[in-house]
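The lines below spell out each chain.
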Amino acid sequence: MLYSEKVMDHFRNPRNVGEIPDADGVGEVGNAKCGDIMKMYLKIDDGVITDVKFETFGCGSAIATSSMATELIKGKRVEEAIQLSNQAVVEALDGLPAYKLHCSVLAEEAVKAAVKDYYDKNGIAYDPDLLCGGDCESCHEHDEQ
Amino acid sequence: MIYADNAATTKTSAAARQAMVETMEKTWGNPSSLYMHGQLAADALEAARRKVARCINADPREIYFTSGGSEADNQAIVNAALQGKKKGKTHIISTAFEHHAVLHTLERLRREGFEITLLPVGEQGLVKVEDVAAAIRPETALVTVMFANNEIGTIQPIPEIGAVCREKGVWFHTDAVQAAGHLPIDVKAQNIDMLSLSAHKFHGPRGTGVLYVRKGIPLLPLIEGGAQERGKRAGTENLPAIVGMAVALEEACGKIEENAAYVSRLRDALIDGLSKIPHCALNGAREPRLPGNVNFCFEGIEGESLLLLLDEKGIAASSGSACTSGSLDPSHVLLAIGRPHEVAHGSLRLTVCEENTPEEMEYIIKSVEEVVAYLRNMSPVWKELERGERQYVIQ
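Residue numbers (the working numbering), protein chains in the order written: chain A, 1 to 145; chain B, 146 to 540.
Be aware that a few hints might be false.
[To be verified] Lysine to aspartate or glutamate pairs mimicking DMTMM-like chemistry, simulated, CA-CA at most 25 Å apart:
| hint | chain 1 | residue 1 | chain 2 | residue 2 |
| --- | --- | --- | --- | --- |
| 1 | A | K33 | B | D474 |
| 2 | B | K421 | B | E403 |
| 3 | A | K121 | B | E529 |
The set of hints was computed from the structure by calculation and includes no laboratory data. These numbers come from a predicted model, not from an experiment.
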């Protein structure tokens, strides 16, 4: 099978789908031209992610990685959430096919972009190295290949 | 399961299966052997060759059995290139939306110094005969244009292109993998010099196909090593598959009009039903189109997730999205007809056959409607389109 049972479970029954109208941080990464866009909404109280929702345009693994990423950061402190690596998302999903790994990178970037938006909106200083710019064009890797 | 991916492969027919088993039980000798058991196999091989030849109005001596459509395409093109090169002809004409068996072979020849012209196919996915005529030069060695496109099903003006090639003295090859057994083929009336077909697209077995080469065209083997196929294709013949293919082709050609009429009705019901989904578009001209081919783009969603959810509903279909091809770009066919990348990712191909039913079409329409709505509801692209923050590509 192409995907693990975990991936299929998160694809079939994605957790935390939707939008948060009064979100404290919103991040969108990806590019429609490449076939995947992820948008992440965070509700943050006292530095804790109390709610998270996502919207994704993309393939099965894009939806599954978004869903898993939301589960992994829900209830965590923002400084913990930005430590989320794409590898952690892949491991939590029991693996992804090699050519789908970029979906997990997008999931990581979507979380970071949403946190960056929260920091920017609230004037919170941060180490830019910890966060990607939020405009990470997933297409770069496509263009290079 | 509702199988709606007949352009990918078809279920082997009962008659073909039976003929294959009988061949394995009774005629399993090597057709090259001189004793009776070998000669019975040789007889079965020649009977299959006559059947295939009759189905496309060729002479049996013009039929070469291959491992399938890809090998036949490779051999037809490489042969024409090698023969052309001897006479200083190093230009080949084809189209932008051929199967990769053709395009990749041409790409290899381009790297080896051949000049390749890929004609545009326009929004409708149809090659213009005048474009072919205008592209032909004194150094043109070959024109190769598919009979019908494998993704969008559009049928090309083959007899007319063949006539232009005849007039200009250029060999004409057609990849008829999607057409054989579904559309009438007459290599003489349609001015075809070389033609490829593949058994498993018309309810025959996999791993076998045919290269037709008109008498008078010299042919070099791709595979060396034996005198099989009159020295043009080495390797002990896959007789059970060849016999199965001949039975399946004869069966398909015997019911070609009846099947086309029935399958076209299924196709039209699908096209009409799916067209009601907002912001979708049929890919390729509605006519002339293969009887069983339906291909749509749905704006705001991605094809792989669409396929996976249809699979959950018991529907087997295919898509031209990058994610389903394992490559980074969406279908070259959809790009060739001018679909932008973001829309090409949201494509769905349904290819039906005479074993499908009108009830199945209704179920497919309902299921696609549901799945498209579900995916759009979680798509940030669709939300932006709805809010007017992004322009619809498909109105």
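To see whether the hints hold, each was checked on the structure:
no., hint, in the structure
1, A:K33 <-> B:D474, "holds (9 Å)"
2, B:K421 <-> B:E403, "violated (28 Å)"
3, A:K121 <-> B:E529, "holds (22 Å)"
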